[in-house]
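Going down the list, the protein sequences come from chains A and B. Note that the first sequence covers residues 1 to 329 in UniProt numbering. Note that the second sequence covers residues 1 to 329 in UniProt numbering.
Where hints are given, some of them may not hold.
What the hints assert, rightly or not - Here are the simulated lysine to any residue pairs, SDA-like style, with alpha carbons at most 25 angstroms apart:
#, chain 1, residue 1, chain 2, residue 2
1, A, Lys311, B, Phe15
2, B, Lys311, A, Ala241
3, A, Lys311, B, Gly16
4, A, Lys311, B, Leu33
5, B, Lys311, A, Gly23
6, B, Lys311, A, Asp269
7, A, Lys311, B, Gly36
8, B, Lys311, B, Ala240
9, B, Lys311, B, Glu265
10, B, Lys311, A, Arg19
11, B, Lys311, A, Asp11
12, A, Lys311, B, Ser22
13, B, Lys311, A, Ile18
14, A, Lys311, B, Arg20
15, B, Lys311, A, Lys311
16, B, Lys311, A, Arg160
17, A, Lys311, B, Gly34
18, B, Lys311, A, Leu33
19, A, Lys311, B, Pro35
20, B, Lys311, A, Arg20
21, A, Lys311, B, Asp11
22, B, Lys311, B, Pro254
23, B, Lys311, A, Gly16
24, A, Lys311, B, Arg19
25, A, Lys311, A, Glu257
26, A, Lys311, B, Gly13
27, A, Lys311, A, Asp201
28, B, Lys311, A, Glu14
29, B, Lys311, A, Phe15
30, B, Lys311, B, Asn272
31, B, Lys311, B, Asp290
32, B, Lys311, A, Ser22
33, B, Lys311, A, Gly36
34, A, Lys311, A, Ser182
35, A, Lys311, B, Glu14
36, A, Lys311, B, Ile18
37, A, Lys311, B, Gly23
38, A, Lys311, B, Leu12
Keep in mind that the hints were calculated from the coordinates and are not lab data.
Protein chains: 2
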Amino acid sequence: MHKGCVIRVGDLGEFGVIRRISGRLPQGSGVILGPGDDAAILEAPDGRVVVSTDLLIEGRHFRRDWSSGYDIGRKAAAQNLSDIVAMGAAPTAIVVGLGLPGEASAEWLDALTDGFRDECALVGATVAGGDIARSDVVVIGVTALGDLGGRRPVTRSGARPGDVVAVAGRLGYAAAGLAFLSARREAAEAGTPDLAEEFVDAHRRPEPPYACGPEAAGLGATAMLDVSDGLLQDAGHIAAASGVRIVLDPEALPVPEAMARLAGELGADPLNWVLTGGEDHALAATFPPDVSLPPSWRVIGQVSEAAGEAKAEVTGRAETSGGWDHFRE
Amino acid sequence: MHKGCVIRVGDLGEFGVIRRISGRLPQGSGVILGPGDDAAILEAPDGRVVVSTDLLIEGRHFRRDWSSGYDIGRKAAAQNLSDIVAMGAAPTAIVVGLGLPGEASAEWLDALTDGFRDECALVGATVAGGDIARSDVVVIGVTALGDLGGRRPVTRSGARPGDVVAVAGRLGYAAAGLAFLSARREAAEAGTPDLAEEFVDAHRRPEPPYACGPEAAGLGATAMLDVSDGLLQDAGHIAAASGVRIVLDPEALPVPEAMARLAGELGADPLNWVLTGGEDHALAATFPPDVSLPPSWRVIGQVSEAAGEAKAEVTGRAETSGGWDHFRE
Numbered sequence: 001m002h003k004g005c006v007i008r009v010g011d012l013g014e015f016g017v018i019r020r021i022s023g024r025l026p027q028g029s030g031v032i033l034g035p036g037d038d039a040a041i042l043e044a045p046d047g048r049v050v051v052s053t054d055l056l057i058e059g060r061h062f063r064r065d066w067s068s069g070y071d072i073g074r075k076a077a078a079q080n081l082s083d084i085v086a087m088g089a090a091p092t093a094i095v096v097g098l099g100l101p102g103e104a105s106a107e108w109l110d111a112l113t114d115g116f117r118d119e120c121a122l123v124g125a126t127v128a129g130g131d132i133a134r135s136d137v138v139v140i141g142v143t144a145l146g147d148l149g150g151r152r153p154v155t156r157s158g159a160r161p162g163d164v165v166a167v168a169g170r171l172g173y174a175a176a177g178l179a180f181l182s183a184r185r186e187a188a189e190a191g192t193p194d195l196a197e198e199f200v201d202a203h204r205r206p207e208p209p210y211a212c213g214p215e216a217a218g219l220g221a222t223a224m225l226d227v228s229d230g231l232l233q234d235a236g237h238i239a240a241a242s243g244v245r246i247v248l249d250p251e252a253l254p255v256p257e258a259m260a261r262l263a264g265e266l267g268a269d270p271l272n273w274v275l276t277g278g279e280d281h282a283l284a285a286t287f288p289p290d291v292s293l294p295p296s297w298r299v300i301g302q303v304s305e306a307a308g309e310a311k312a313e314v315t316g317r318a319e320t321s322g323g324w325d326h327f328r329e
Numbered sequence: 001m002h003k004g005c006v007i008r009v010g011d012l013g014e015f016g017v018i019r020r021i022s023g024r025l026p027q028g029s030g031v032i033l034g035p036g037d038d039a040a041i042l043e044a045p046d047g048r049v050v051v052s053t054d055l056l057i058e059g060r061h062f063r064r065d066w067s068s069g070y071d072i073g074r075k076a077a078a079q080n081l082s083d084i085v086a087m088g089a090a091p092t093a094i095v096v097g098l099g100l101p102g103e104a105s106a107e108w109l110d111a112l113t114d115g116f117r118d119e120c121a122l123v124g125a126t127v128a129g130g131d132i133a134r135s136d137v138v139v140i141g142v143t144a145l146g147d148l149g150g151r152r153p154v155t156r157s158g159a160r161p162g163d164v165v166a167v168a169g170r171l172g173y174a175a176a177g178l179a180f181l182s183a184r185r186e187a188a189e190a191g192t193p194d195l196a197e198e199f200v201d202a203h204r205r206p207e208p209p210y211a212c213g214p215e216a217a218g219l220g221a222t223a224m225l226d227v228s229d230g231l232l233q234d235a236g237h238i239a240a241a242s243g244v245r246i247v248l249d250p251e252a253l254p255v256p257e258a259m260a261r262l263a264g265e266l267g268a269d270p271l272n273w274v275l276t277g278g279e280d281h282a283l284a285a286t287f288p289p290d291v292s293l294p295p296s297w298r299v300i301g302q303v304s305e306a307a308g309e310a311k312a313e314v315t316g317r318a319e320t321s322g323g324w325d326h327f328r329e
C-alpha cells in the first residue's frame, strides 16, 4: 500500500485485480458461464456466431491524460460492438484482455470496468470474461460476439449499381475534437471552451448508432460497414469488395454549423473531418433504390458500375478513398 | 525499403500487413465469413459458443531473442486453444489482435502467422480474423472460440469427495527450460546442450494434450482445467470452486530422469517445476472413482471433504496451492 491510501493495481496482484473487475460486472441472460473458468460459454441461438477483435494501445489509440478511464472503457467497447452491429447482428458479450502498468490506480481500473459495463448495457451485452497481464502501457484487447437472430449478415461486398449510399450516426465529430485537443493542449488542460466541448466529448466517447445495424439488415441493406477508417476510405472498401464505383455528394454530407465554426478557429476544412474522421463509428450502408429509409439514415451518394478501378470519390473533390492507416506512425 | 532488402512491417502499412497475413491463412470449413469485413462469422452448431481470451506481451510472456516468431505464434495459439479443450469443447477458430513495432521484419511476421496457422491446424481450427496496431513491443491478443458438440461443459466447480485427480500432458517441462535459459543465457546463445534441449523446446512451444479435453468430458470428468498457473495452484482453483480438499501424491507425479539431471545441474528441485510450472498446458481433471481412465490420463491424487479451507496440498510438502501470479513483476 502506498502513501495517501491510493491502491495501485500492482498491490492487488492478478487474482485481486480479477476479483475487483468481476465484482463490478453483472452477468447477462445470454451468458451460460461467466468469468472465473478457463473459458466463458455464451448462448448462440442462431447457430452462427459473429466475432470481431480490436487492440487499443495507450499513446496510439487513447491517452490517459486526455480521456478518463471510464471514457476509455466506453470507447474500447463501442469500437467492437459497432463492428458487430455493422454485420446486422446483435452483440451478446465482450471478452477483454487487459495489459496494466502496476502504477495504475485501482480507482482508474474501476472506472475503466464501469465504462465497459455501461457501453455494453446499451446493447444488452455484458463482459463475459477476460485476461490481465502486466504491461508498461495500458493495452486493451476487446473481442465482441454477436448473434444474427436468423438475419442474413450484411457484408461489404453486396453493393450493386443503382443502390443508394446512406449513413447513420455522426461523422467528423471525433476528428474535430481530436484536432482541437492536438492544437490546443494547454487550453484543453485549462478547460474546454463551449465551442469545442461537444466535439471533444465525441472524441472521448463515441455514440455509435447501434440500433441502426440490425435495422439496416431488416430493411434489405446490400452492404454495410462501421466507419472506422474515415467515410471516404470505408466507402472505398465497399466499392472494392463489391466491384462498384461509389460517388458521394458533398452537399448531402452533414457539416453542422458548430463544426464549421470550430474548423474556422483552427484553420481546418470541416468536410475533411467528415470524409476522413474514423472514430465516430457511424454506419455506412448501401440499399436498393426503392427502399424507404427511416430518418436515422441519410442518403449521401450513389453506387454505379465500376468504370476501371472500383473506388469511392466525392463529387468536385480530387481525393479518392483516402483515409486513416492505423498502422502509420 | 531498407538496405539489405529486409522488408519491415512499417514499410507495408496496415493494409499491406493484413494482406500479407491473410494470404498465408487457409479458411476453415466452419468459417462462414473470414477476415476482411467488420467481423467474422463462424458456425456454432451446438447453439452455445465457448470463448477465451489471452493477452501476451513481449518481455513478459515471451522474448524475441529466446523464441522464434514461429514458436511465439504456436505458443500464443496453444495457450488459448488449450483453454477451449479444458471446457470439453472443440476449438473452431481464433481471432488475433496484433501490436507490432514498425521495425519488425515481414519475415518474422510471416513466421508468427505460420505459427498461428499450424497450431490451429492441430485441432482443425483456423484464424478467422484479427486487428493490427502499431506498438513499441509485440503484443498478441488471442481469442479462441469452440463448440461443445452437445457435450456438457466441464467447469472447475464439479469435483466431489471420492473423485480421483488425474492429469494429461507434460508437467514442469517448460519451467525446466525457462530455468535453464534464465540461468545459462550465454550458454543458450552458444547453443543448447543435449540435456536441456527437450525442455528448452517445451518452453518455446508447448504441446497441450488437445484430444484429452473432449475425451475427459466424454468420460464424465466432474471438473477440469488447463494447468496454466502451476499444478498445485490450479488444483487449488478446482478445490476452491468445488468446495473440496485435494491431496496430490508426490510419488505419482512424473519427474523424468532427464529433468532430474537438469535440476541437479542447476541446483533446482525438479518437483518444484512439476508443481508450479504453468506453461506446458497440461490438463488436470477430476473423475468419479469408478471411471476407467485411458493411458493418456495419470491419476495423481484424491478429492476429499474440505475440512476447513478448500485447498490443494501435496502429501509430505508444506506448501499449499502456491504458484504463479501472472501479474507480479
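Hints, verified against the model:
1. A distance of roughly 16 angstroms separates the Cα atoms of Lys311 (chain A) and Phe15 (chain B); the hinted pair therefore holds under the 25 angstroms criterion.
2. Taking the CA atoms of Lys311 (chain B) and Ala241 (chain A), the gap is about 56 angstroms. The hint is violated against a cut of 25 angstroms.
3. The straight-line distance between the Cα atoms of Lys311 (chain A) and Gly16 (chain B) is roughly 18 angstroms, inside the 25 angstroms bound, and the hint therefore holds.
4. Between Lys311 (chain A) and Leu33 (chain B) the CA atoms are separated by roughly 23 angstroms; this keeps the pair inside 25 angstroms, and the hint holds.
5. The straight-line distance between the Cα atoms of Lys311 (chain B) and Gly23 (chain A) is roughly 22 angstroms, inside the 25 angstroms bound, and the hint therefore holds.
6. Between Lys311 (chain B) and Asp269 (chain A), the direct Cα distance comes to roughly 64 angstroms. Violation of the 25 angstroms bound is thereby established for this hinted pair.
7. Restraint check for Lys311 (chain A) and Gly36 (chain B): satisfied, since their Cα atoms lie roughly 16 angstroms apart, inside the 25 angstroms limit.
8. Distance restraint check for Lys311 (chain B) and Ala240 (chain B): the Cα-Cα separation of roughly 6 angstroms lies within the 25 angstroms cut-off, and the hinted pair is therefore satisfied.
9. Between the alpha carbons of Lys311 (chain B) and Glu265 (chain B) the distance comes to roughly 33 angstroms, so the proposed pair goes past 25 angstroms and is violated.
10. Of the pairs offered as hints, the one joining Lys311 (chain B) and Arg19 (chain A) holds, with about 18 angstroms between alpha carbons and a cut-off of 25 angstroms not exceeded.
11. Taking the CA atoms of Lys311 (chain B) and Asp11 (chain A), the gap is about 23 angstroms. The hint holds against a cut of 25 angstroms.
12. Among the hinted pairs, Lys311 (chain A) with Ser22 (chain B) is consistent with the structure: their alpha-carbon atoms are about 22 angstroms apart, no more than 25 angstroms.
13. For the hint linking Lys311 (chain B) to Ile18 (chain A), the alpha-carbon distance of about 19 angstroms falls within 25 angstroms, and the restraint holds.
14. With a CA separation close to 22 angstroms, the supplied pair Lys311 (chain A) and Arg20 (chain B) stays within the 25 angstroms bound.
15. A hinted pair counts as satisfied when its Cα atoms are at most 25 angstroms apart, and Lys311 (chain B) with Lys311 (chain A) does not qualify at roughly 62 angstroms.
16. Restraint check for Lys311 (chain B) and Arg160 (chain A): not satisfied, since their Cα atoms lie roughly 63 angstroms apart, outside the 25 angstroms limit.
17. Distance hint between Lys311 (chain A) and Gly34 (chain B) is fulfilled; the C-alpha atoms sit about 22 angstroms from each other, no more than 25 angstroms.
18. Taking the CA atoms of Lys311 (chain B) and Leu33 (chain A), the gap is about 23 angstroms. The hint holds against a cut of 25 angstroms.
19. Only pairs whose Cα atoms come within 25 angstroms are accepted, and Lys311 (chain A) paired with Pro35 (chain B) is accepted, the gap being roughly 20 angstroms.
20. Proposed proximity of Lys311 (chain B) and Arg20 (chain A) is supported: the alpha carbons are some 22 angstroms apart, at most 25 angstroms.
21. The straight-line distance between the Cα atoms of Lys311 (chain A) and Asp11 (chain B) is roughly 23 angstroms, inside the 25 angstroms bound, and the hint therefore holds.
22. At roughly 22 angstroms between alpha-carbon atoms, Lys311 (chain B) and Pro254 (chain B) fall within 25 angstroms of each other, so this suggested pair holds.
23. Distance restraint check for Lys311 (chain B) and Gly16 (chain A): the Cα-Cα separation of roughly 18 angstroms lies within the 25 angstroms cut-off, and the hinted pair is therefore satisfied.
24. Restraint check for Lys311 (chain A) and Arg19 (chain B): satisfied, since their Cα atoms lie roughly 18 angstroms apart, inside the 25 angstroms limit.
25. In summary, the hint linking Lys311 (chain A) to Glu257 (chain A) is not supported, as the alpha carbons are separated by about 30 angstroms, beyond the 25 angstroms threshold.
26. A distance of roughly 19 angstroms separates the Cα atoms of Lys311 (chain A) and Gly13 (chain B); the hinted pair therefore holds under the 25 angstroms criterion.
27. Annotation: proposed proximity of Lys311 (chain A) to Asp201 (chain A) is violated, straight-line Cα distance about 32 angstroms (limit 25 angstroms).
28. For the suggested pair Lys311 (chain B) and Glu14 (chain A), the alpha carbons sit about 18 angstroms apart, so the restraint of at most 25 angstroms is met.
29. Restraint check: the Cα-Cα separation between Lys311 (chain B) and Phe15 (chain A) comes to about 16 angstroms, which is no more than 25 angstroms; the hinted pair holds.
30. A hinted pair counts as satisfied when its Cα atoms are at most 25 angstroms apart, and Lys311 (chain B) with Asn272 (chain B) qualifies at roughly 18 angstroms.
31. Restraint check for Lys311 (chain B) and Asp290 (chain B): satisfied, since their Cα atoms lie roughly 23 angstroms apart, inside the 25 angstroms limit.
32. Pair hint Lys311 (chain B) plus Ser22 (chain A) holds up; C-alpha atoms about 22 angstroms apart against a cutoff of 25 angstroms.
33. Between Lys311 (chain B) and Gly36 (chain A), the direct Cα distance comes to roughly 17 angstroms. Compliance with the 25 angstroms bound is thereby established for this hinted pair.
34. The straight-line distance between the Cα atoms of Lys311 (chain A) and Ser182 (chain A) is roughly 31 angstroms, outside the 25 angstroms bound, and the hint therefore fails.
35. Straight-line distance between C-alpha atoms of Lys311 (chain A) and Glu14 (chain B) comes to about 18 angstroms, which keeps the hinted pair within the 25 angstroms bound.
36. Only pairs whose Cα atoms come within 25 angstroms are accepted, and Lys311 (chain A) paired with Ile18 (chain B) is accepted, the gap being roughly 19 angstroms.
37. At roughly 22 angstroms between alpha-carbon atoms, Lys311 (chain A) and Gly23 (chain B) fall within 25 angstroms of each other, so this suggested pair holds.
38. Annotation: proposed proximity of Lys311 (chain A) to Leu12 (chain B) holds, straight-line Cα distance about 21 angstroms (limit 25 angstroms).
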